[in-house]
Structure formats: structure tokens, C-alpha cells
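A.B. asks: Sequence:
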Amino acid sequence: MAAANGGVPRGDARPARATETVTAPGTRAASTGPMMQVRSASAPAPGRAVNEDLVFRFGPLVGVLDGATVPDGFDTGCRHGPAWYVRHLAARIGLAVAARPAATLMSSLAAAILAVRSDHGGGCDLDHPGTPSSTICLLRGSGDEVDWLVLCDSPLVLDTGDRVDVVADDRLETAMADLRRMAAELPGDGDRAAWFRRAVGLQRGRMNRTHGYWVAAADPDAAYHAVTGTASLRGPDAVRRAVLLSDGASSSVEQFGLFDWAGLVNLVTAEGPGALIDRVRSAERDLPERLRRHKRTDDASVVLCEFDPV
Numbered sequence: 001m002a003a004a005n006g007g008v009p010r011g012d013a014r015p016a017r018a019t020e021t022v023t024a025p026g027t028r029a030a031s032t033g034p035m036m037q038v039r040s041a042s043a044p045a046p047g048r049a050v051n052e053d054l055v056f057r058f059g060p061l062v063g064v065l066d067g068a069t070v071p072d073g074f075d076t077g078c079r080h081g082p083a084w085y086v087r088h089l090a091a092r093i094g095l096a097v098a099a100r101p102a103a104t105l106m107s108s109l110a111a112a113i114l115a116v117r118s119d120h121g122g123g124c125d126l127d128h129p130g131t132p133s134s135t136i137c138l139l140r141g142s143g144d145e146v147d148w149l150v151l152c153d154s155p156l157v158l159d160t161g162d163r164v165d166v167v168a169d170d171r172l173e174t175a176m177a178d179l180r181r182m183a184a185e186l187p188g189d190g191d192r193a194a195w196f197r198r199a200v201g202l203q204r205g206r207m208n209r210t211h212g213y214w215v216a217a218a219d220p221d222a223a224y225h226a227v228t229g230t231a232s233l234r235g236p237d238a239v240r241r242a243v244l245l246s247d248g249a250s251s252s253v254e255q256f257g258l259f260d261w262a263g264l265v266n267l268v269t270a271e272g273p274g275a276l277i278d279r280v281r282s283a284e285r286d287l288p289e290r291l292r293r294h295k296r297t298d299d300a301s302v303v304l305c306e307f308d309p310v
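Just so we're aligned: 11 in the working numbering is position 11 of the sequence shown, and the numbers increase by one with no gaps anywhere.
Because the hints were derived from the structure by calculation, they are not lab data. Since this is a predicted model, take the numbers as computed values, not measurements. Glycine included, each C-beta is placed from N, C-alpha and C at the ideal position. All clues given are correct.
Computed Cβ-Cβ distance ranges for the label pairs, DEER-style:
{"id": "1", "residue 1": "Leu126", "residue 2": "Gly73", "range": "14 to 24 angstroms"}
{"id": "2", "residue 1": "Gly229", "residue 2": "Phe58", "range": "19 to 29 angstroms"}
{"id": "3", "residue 1": "Arg296", "residue 2": "Pro101", "range": "35 to 45 angstroms"}
{"id": "4", "residue 1": "Asp237", "residue 2": "Asn266", "range": "16 to 26 angstroms"}
{"id": "5", "residue 1": "Thr210", "residue 2": "Asn266", "range": "32 to 42 angstroms"}
{"id": "6", "residue 1": "Gly59", "residue 2": "Thr174", "range": "31 to 41 angstroms"}
{"id": "7", "residue 1": "Thr21", "residue 2": "Arg100", "range": "24 to 34 angstroms"}
{"id": "8", "residue 1": "Gly205", "residue 2": "Gly59", "range": "30 to 40 angstroms"}
{"id": "9", "residue 1": "Arg117", "residue 2": "Phe58", "range": "14 to 24 angstroms"}
{"id": "10", "residue 1": "Ala99", "residue 2": "Arg285", "range": "40 to 50 angstroms"}
{"id": "11", "residue 1": "Leu114", "residue 2": "Gly77", "range": "16 to 26 angstroms"}
{"id": "12", "residue 1": "Pro101", "residue 2": "Asp278", "range": "32 to 42 angstroms"}
{"id": "13", "residue 1": "Gly161", "residue 2": "Arg79", "range": "42 to 52 angstroms"}
Produce the complete structure using the sequences and hints provided.
C.D. replies: Okay, structure coming up:
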């Protein structure tokens, strides 16, 4: 699919393997702040050529996006897919932050969502409930602080040395628990496909709605419903490590119970982000009864940020 803007990356297929990248040391979050070193890995679900996750770094900003997979046979009203959407959205977020470095991440994300509406060009029904969408997890260094934004189910883990905190947006899981109860009451007439179609319809009806859940799609207002915050990079409570995850990687804790959040941070630091994805793949194969999603495997992405004292 051709991009609507030549400066925005194409949504091309990527190799069906984990890709791990390392950002060379020496890059500061800001001229007077601690140094930030970044390692990342991302891989499509086994057997799939296209990765609908995306990891990126633009200077002091790092991010993980997780495009919503469209179930087979479902309409989206759009000629573009999730991979196209996450690549355009990532580029637009980077451009928005670069254009207005002092703006909040909420404001930059809203501007990026609005810009991607234009990238679609004509022919797409952006008010369709199945329009391409993505979760968001962003972390930005700024002098002696970091700020973050989490929208939907791509969590952020912050390690201060003495404490590990998880920044999560649990509204999707809350909505899904409610929808599962509602879907269980739907007449299926023994037709699993018909039941699934009705259940997906219920979920789409809750997207970007009050008392539902919020995700980046075509409405820039979703950005202002994100979970945001700021933490220090100096002092006894300074953030030393941060891990950004798509839900395909956070499932190692949330679904499979392979370790706790502190154990996840330690594994990623010691063995690299790709090692966490390897553990998830083994669990998807060996522990399918613990899955809470309808897919047996999922794209998985991990970004580790380490902050060193000046």
C-alpha cells in the first residue's frame, strides 16, 4: 500500500522473526539529564509475516504501538491495515514531539492521530467502528525527569531500585470482562462463528466511549483519556530502568505467570528483550490453558530503557 505522505513509512511486511536493536550509549535524555540507553525486540506471532506491533525511538522519546488485529471476515471501512496504521502513527508522533518539544504527550498524540486521518486520503470511512487502531506506550526523557503515556493494554514498568511500579490502563480488561458476560447471554444457536461476530460487535461498540475503553484510532480526543505521569531521574526514588511492553509480551506476567514484574525487568536487563519474547513463545506453546485472549499467539514487543547517572 502506498503511503499518503512520502515522509511517512510504509506498512510493509517484516520478516517473521524477532528483531533486536540496541541504541548506542552516549545519548542523553536532555543536555543535563542522565544518559539513556535503549534495547528493544519485536516479533510477529509465529506463522505470520506481518508484525502489527511497532517499537521506535526519536531522540528522547521511545514507544511501543500494538495495532489491533482484524478478525477474518470483519469489515473496517478502511483500505489500510493495522501495520500501516502503527507505522504512520509512530512517524506522526515523532514529528509532533519534534515540532513542539514542550507540549504534553497527550497533546502530541492528539496531533498525531489527527495527522493520520489525513494520511488515509479519500475512500476510508474513519467513523466505522472497525477503523484501524492501536494501543500506545510512550516514555520521554526530559532533563532530570521522564514522562509517560499509556493508552489501552500496553503497560509500562518502572524500576527505582527499591520498588517496581506498573503503569497500566485496565479499562479494556474491565470492558472485556463485562462484554464476556454479555456475550455469554447472546443467542448463538450453536453457531460459534455467529456468536463470535456478535461478541466483536459488542466490543467495537465500547471502543472510545465513556464507560468503555480508549485506544488510538481516528478520534484525537482519545489521547486525552490516556494514563500519564512524570517521575524523577535523580535522587533516592529515581527511575533506573523502564520497560515498555505490548500485551503480547506482558502476557508473560499477566496471563502465564512466568515471573513477577521485578523478575521481568531483571530478565530483560540480564538476557535482553528478545529473551522475554522467547519465554512467551514457549508459554504460548506449553500453557495454552492460561490464555485469556482469543488468539493462541500474538505479536510481542519489548523496549528496555536504562538511565545512568551523569
